[in-house]
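Residues per chain are reported as follows:
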Amino acid sequence: MPRLTKKRSKKAGLPPGTLVHIGEKKAEEVKITIMGYNDGHFEEKEIKTIQESRLSKDKSTITWVNVEGIHQVGIVEEVGNYFGLHPLVLEDILNTDQRPKIDDYDKYIYIVLKMIYFNGKCGEIVTEQISLILGSNFVISFQEGKEGDVFDPIRERIRNGKGRIRTMGADYLGYTLLDAIVDNYFIVLEKLGENIELLEEELVVDPTTQTLREIHRLKREMIFLRKAVWPLREVISSLERGESSLIKETMEMYFRDVHDHAIYVIETIETFRDMLSGMLDIYLSSINNKMNAVMKVLTIVMTIFMPLSLIAGIYGMNFKYMPELEWRWGYFMACSIMGVIGVSMVVYFRKKRWL
Amino acid sequence: MPRLTKKRSKKAGLPPGTLVHIGEKKAEEVKITIMGYNDGHFEEKEIKTIQESRLSKDKSTITWVNVEGIHQVGIVEEVGNYFGLHPLVLEDILNTDQRPKIDDYDKYIYIVLKMIYFNGKCGEIVTEQISLILGSNFVISFQEGKEGDVFDPIRERIRNGKGRIRTMGADYLGYTLLDAIVDNYFIVLEKLGENIELLEEELVVDPTTQTLREIHRLKREMIFLRKAVWPLREVISSLERGESSLIKETMEMYFRDVHDHAIYVIETIETFRDMLSGMLDIYLSSINNKMNAVMKVLTIVMTIFMPLSLIAGIYGMNFKYMPELEWRWGYFMACSIMGVIGVSMVVYFRKKRWL
Amino acid sequence: MPRLTKKRSKKAGLPPGTLVHIGEKKAEEVKITIMGYNDGHFEEKEIKTIQESRLSKDKSTITWVNVEGIHQVGIVEEVGNYFGLHPLVLEDILNTDQRPKIDDYDKYIYIVLKMIYFNGKCGEIVTEQISLILGSNFVISFQEGKEGDVFDPIRERIRNGKGRIRTMGADYLGYTLLDAIVDNYFIVLEKLGENIELLEEELVVDPTTQTLREIHRLKREMIFLRKAVWPLREVISSLERGESSLIKETMEMYFRDVHDHAIYVIETIETFRDMLSGMLDIYLSSINNKMNAVMKVLTIVMTIFMPLSLIAGIYGMNFKYMPELEWRWGYFMACSIMGVIGVSMVVYFRKKRWL
Amino acid sequence: MPRLTKKRSKKAGLPPGTLVHIGEKKAEEVKITIMGYNDGHFEEKEIKTIQESRLSKDKSTITWVNVEGIHQVGIVEEVGNYFGLHPLVLEDILNTDQRPKIDDYDKYIYIVLKMIYFNGKCGEIVTEQISLILGSNFVISFQEGKEGDVFDPIRERIRNGKGRIRTMGADYLGYTLLDAIVDNYFIVLEKLGENIELLEEELVVDPTTQTLREIHRLKREMIFLRKAVWPLREVISSLERGESSLIKETMEMYFRDVHDHAIYVIETIETFRDMLSGMLDIYLSSINNKMNAVMKVLTIVMTIFMPLSLIAGIYGMNFKYMPELEWRWGYFMACSIMGVIGVSMVVYFRKKRWL
Amino acid sequence: MPRLTKKRSKKAGLPPGTLVHIGEKKAEEVKITIMGYNDGHFEEKEIKTIQESRLSKDKSTITWVNVEGIHQVGIVEEVGNYFGLHPLVLEDILNTDQRPKIDDYDKYIYIVLKMIYFNGKCGEIVTEQISLILGSNFVISFQEGKEGDVFDPIRERIRNGKGRIRTMGADYLGYTLLDAIVDNYFIVLEKLGENIELLEEELVVDPTTQTLREIHRLKREMIFLRKAVWPLREVISSLERGESSLIKETMEMYFRDVHDHAIYVIETIETFRDMLSGMLDIYLSSINNKMNAVMKVLTIVMTIFMPLSLIAGIYGMNFKYMPELEWRWGYFMACSIMGVIGVSMVVYFRKKRWL
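From first to last, the protein sequence lines are chains A, G, E, U and D. The first sequence: position 21 = 21 (the working numbering), numbered continuously. The second sequence: position 49 = 49 (the working numbering), numbered continuously. The third sequence: position 104 = 104 (the working numbering), numbered continuously. The fourth sequence: position 342 = 342 (the working numbering), numbered continuously. The fifth sequence: position 237 = 237 (the working numbering), numbered continuously.
Heads up, a few of these hints could be off.
As the list claims (entries may be wrong) - Ranges between beta-carbon positions, derived for each pair:
(1) D/GLU46 <-> A/THR18: 55 to 65 angstroms
(2) G/ARG328 <-> A/LYS351: 38 to 48 angstroms
(3) D/GLU201 <-> U/LYS191: 34 to 44 angstroms
(4) A/ARG350 <-> G/ARG328: 16 to 26 angstroms
(5) U/ARG233 <-> A/SER277: 48 to 58 angstroms
The hints are simulated quantities; they were obtained by calculation from the structure and are not laboratory data. A virtual CB, placed ideally from N, CA and C, is assigned to each residue, including glycine.
Looking at chain A on its own, in the form it has when it is part of the complex:
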């Protein structure tokens, strides 16, 4: 169960810009990877401190710095200072309980968003915060955890010079990272969609308390998913409008594409919510229907047997003068009356469609 709020409170009272890591430690050790490339050139290295990096001063070279693990405040601070990031940006990078947002600091754009994937073990959705710093010729990405597979295809493309990525600027790299993250949402949505379809079938065939609990679990997931994805709309829309000089005009249609995807994701989440609400209604109706069925059985049984029992009770009375008791066919008659009453009750309930 994801904690509702992370320990943000430990920052209360500290001056703004104080660097405190909020969240879980997800990686053992911080890893910094640097990729430098342009149309003709490519290099890649893994370093321990940003000082080792010796970044090319060449304007045409695009540098991608990927930091995995943000629990070591010192390293993040070092990177931040190296690139001249504002303390408030560093504070936000370290706080993994951030709302997706975009801040334009003229010299660079700061983007926070959530990576979402399924935790194989417990079947729950896990979110990981990704911070992107998009500069004129560099991109810095901060990930909470160990190397996400999501960025791997991009690395491959850069290494092999596949596609147009090596010929484009830092804004294209930033777009590619964003696109990879949003595309990844579809995998989670598909998995959720499959779960919902399974539940729908279960609902029709044999709804149990477990089904109810599963519906509620999914509804709960939707609440969190929505919270993580909803602000994305604004973030990408702001990029699409090309308000920053860091983003070339030709990028507009690319960001429009990611924007469409983000809206699609949001609408799908809303659709899932609507469907889950509908399923809850079905579940409740089916409980009511079952209760109704149970009540009918009870009523039928009682209504048939009570009169019969009364007859048996009457002829079980010990009055001295009860003429029927002496009759030769009294017993037979009593049993016949019982039979007639029983059968006519059944017929009556059949007619009333209770049986």
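Position chains G, E, U and D relative to chain A; hints supplied.
Frame of chain A, contents of chains G, E, U and D only:
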């Protein structure tokens, strides 16, 4: 049951502009039909590859290229390259899980929307994605499946030169296609409206679990229908505003007309949703009412027979000294008392309006 | 029961501007009435075809053409051509399933809206579509059915020269017609309000299944009423803003007045919806309360009689050695125990407030 | 019970500007009070007709005309004509079923709003319509009923020259009247808040059907209150923006203050609605819980006594060969078995937490 | 239980700007603390009346006046007059039932907002109103109660010259106070989040009436929390836009940061509301499920025992000629039949999954 999400995930990690078909293969073979016409001239041919087309360079001739079946990526790519379409457009054409949208690429306008029709066999609504490329003197339409009847009347009109279509430009042809698709929605809405009215009658006469399931099925259909139609408003509104130079000002009132229809469709869907919600409420109340009725029957039966049974039980006791047992009219008296109690109970329940 | 959707589908596939009547034929024969007036002059005539009209060319004369019955496509077309109306306007006039809207065609303004009145026989709300064409010195009104009483007082005022109507332009006449239609809504709302108040009393005194059905019927009416009235806000607001040169600036406060009325109508409908929802809640609670009461009766009866029956059953056993049976006061004692148990049960339930 | 709609229908068909009183007659006789004041001067008189007023022509003198009772159309018309009010304004003043609104007629501003107070006798909220005409150096207020206490403190302040009111213009007087009306809402809200808190306690301690009815009554009141107060936001916001030349710029902060109060009132109403909805949920859950408790008692009683009764019934059978009947301790044994079964049932239900 | 509305009504009728304290008296005595500082200088003193303060006239010195306890109207008035505050501002400061808002009075900005903390004793959320006056080189803060710990870290930072606070202007001090208040919300949210998670577990394990009451209590808290926090968005957003000349442009990113936090708080409250609604649904379903289970038990017991009792009753009849009674194995046979019926009933219910 329509799958909630198509396998978009297979694109995750691929560079943007990579052409992958997402969706079901609905047609056996891709078919390309070309219609060229102007006020005086008309030709029509079916080709295998776009190279065979030999399109007229004459600016006054309007060309309509209709591609049926988009599962053969190569053919779509060929058409795209022939007309100079952006890779992102081709990517979107191939992805049948697209949200209705409009993208203005200066030289052409790209429109995606959903065709909706009833599947006769299972009574379910099926959506098919239609992509329209609207250029200065050409229109390209991409359909998923086999030749839709929806466009046939337009073909007839072009062939026969009926109406004004042969004298108008590509924007009018684009409008005509849009109009045909939106008009087709009304057929689906009418069919749904009839279903809802049938269900309403069923609800009053004899609601069964089947009724409930049908209401929920329709509610579910509405969710999907809404998702498919809602963005249309924006799409057509954008055309109506005439922001593109490809759309002549005189077209405004035509697009306003389609816009009105689209809003009408959306409002009708909302009305249907409201009505289905109301019907669900009626169903639930009627279950509760029935349960109440069943409970009353049970209570009445028990309340009448329990005291009678007790009397029978009492006179069935084997005490030695029970004066009534010896009485001459004891049995008669006991039965009379039972009768009186039973009748007065019935009278009581009548008064309380339980019977 | 009003049909959910009229047969719009019969137009699917036809070229835009094709004139087809959609809706029921409500009048036997089409009737065209013409009124021409200015400050000093007044004439009125009923004609068969618009050609007979010989309208005054005098700019200062206001002409009001009223067409009752639109099922004869030819006559509507004739009128349209005579006044130079756009084919799309004629198409919309003939389609009685139109959403209220306003279209500004420079030379004239086209307004569609819904007249609403109570059908005396079945107590249902009936809507009739009214189309208004507002020109520089003429107004054309198209009604579906036989002469509505709503316009009669206006005719009287013109005939008698009462009020300022004879001294004002066509825009004032258009306003007067609109005002008459909107004022007519209040009559329907008052009738509905009375029904709702009656239902509220019924709910408190003695709610039956009929009450429930009535609430739902009214809720359903509200859905349709809302659909018919809601777009009116926009329509009149557009007139109020005085965007068209056909509407003099001095008319602004008149249209603002109708606008206020329209908003009032919409808010009242919303209020009614809220109240009906509240009443549904009361109904459901009262069913639950009743069920609860029934259950209590059942439980009380069973809880009192089961122990007594058991005692009777025990002393009805045929064991040889049952000392109590031999006692002189055994029977009396058994009855006393039963009495004590019964009375203490009653006292217990009283204390628990179940009785 | 406030009538849902007043007899607005009696105006349908009349020309705009026709003066008809709509609403109840709340005062016996119309009373007109006139107050004239400036920094140094003050006079006050009660008149029968506006002609008697002889208003000071002096621009620096502020005149406040208060009309109590609007059912005498003639008097209102006279006042209107004296001050040159538009017929539509007079029509609106006479119609007590008006939505709060503001109309700017250049020479004066017309404001309609609702005074709200508790009717001591039936504990219901009563609304009274107040119309304010704000001119350059006069304010006219129309009230439906007998002298409201709400304006009394303002009269006192004018009489005694307390506060700044005597040194300020007509706009300040208008503001003061508005402020008095809005401040009066707080009294009603507090009374409602107390009622809600009482109900909340009742809900926890002992919810009855009366509680439910009270919740619903309050919800209903909220619907009407909201309708009366909601449009006020717009009205005052329009005054605050200072669009009219009749309102001096220095008044902005005063109107902003009333605006804040109006928003506060609206938000409090929303809060009350939310709370009442929550209380309804609690009520329904508590009914369900009670029903559950009742059902448990029934089930427990039946489950304990049915087996015991069966045993008694078995040994009450009249078979010739029933060995147990002959046993010395048979009776004792049967009773023991019954006891064991009964006790173990009780233990079982205890364990299951049903007891 | 927090009172729904404070006694605002006692102000009704008083002229605007009349100073009346509304709310509870939370502190014994009013305490005024003054801090004056600039880059190099720092002084701090506690005074009784503002006259004692002798504030530095030096423009570069920032003065922070903190007033604790506002129930003594005279002292607040004195402070207000000393700094030239508008009477309406003083009125608002004294009224603790204020909606969070920001008013720009050119020379100073007036901000009202709510401090929120947990009352340790009753576990309820308590709000305290904070008023901030932000001038060119001074900040005045009014608190209702005794020295809040929230501002203590800020005092420490000023005293020790930690962080940049001593080098920045009054706008930075204002921001710091705002930030401290908003950061404090996270503590309350975390506490609430923990409560919700505990309740969620309780719901799954063993929901009781107490759980329901707790859910409702939290929902109620959310309503009040939302009312207190929601307007904050607008307040801070107005500061962020930097419309006032009192706020330097470089402060924008700081206020944007607080703005993000405020939105985060609001979204979290919405998330909590959604979750609590979901939990209510689970609770209701679980009650229904339980009732269903109880009903099943009852039905099973009755359905098994009624037929057996009937058999016992039949052989308890006293007819003279009942052949079975004479049979050697009659008793055994009757018992066997009962056993068979009982067992087959159990098997039947097993098959129907009722057991």
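Structure-based check of each hint:
no. : hint                                      : verdict
1   : D/GLU46 <-> A/THR18: 55 to 65 angstroms   : violated, 29 angstroms
2   : G/ARG328 <-> A/LYS351: 38 to 48 angstroms : holds, 43 angstroms
3   : D/GLU201 <-> U/LYS191: 34 to 44 angstroms : holds, 41 angstroms
4   : A/ARG350 <-> G/ARG328: 16 to 26 angstroms : violated, 44 angstroms
5   : U/ARG233 <-> A/SER277: 48 to 58 angstroms : violated, 32 angstroms
Of the hints listed earlier, those the structure fails to meet are numbers 1, 4, 5, in rising order.
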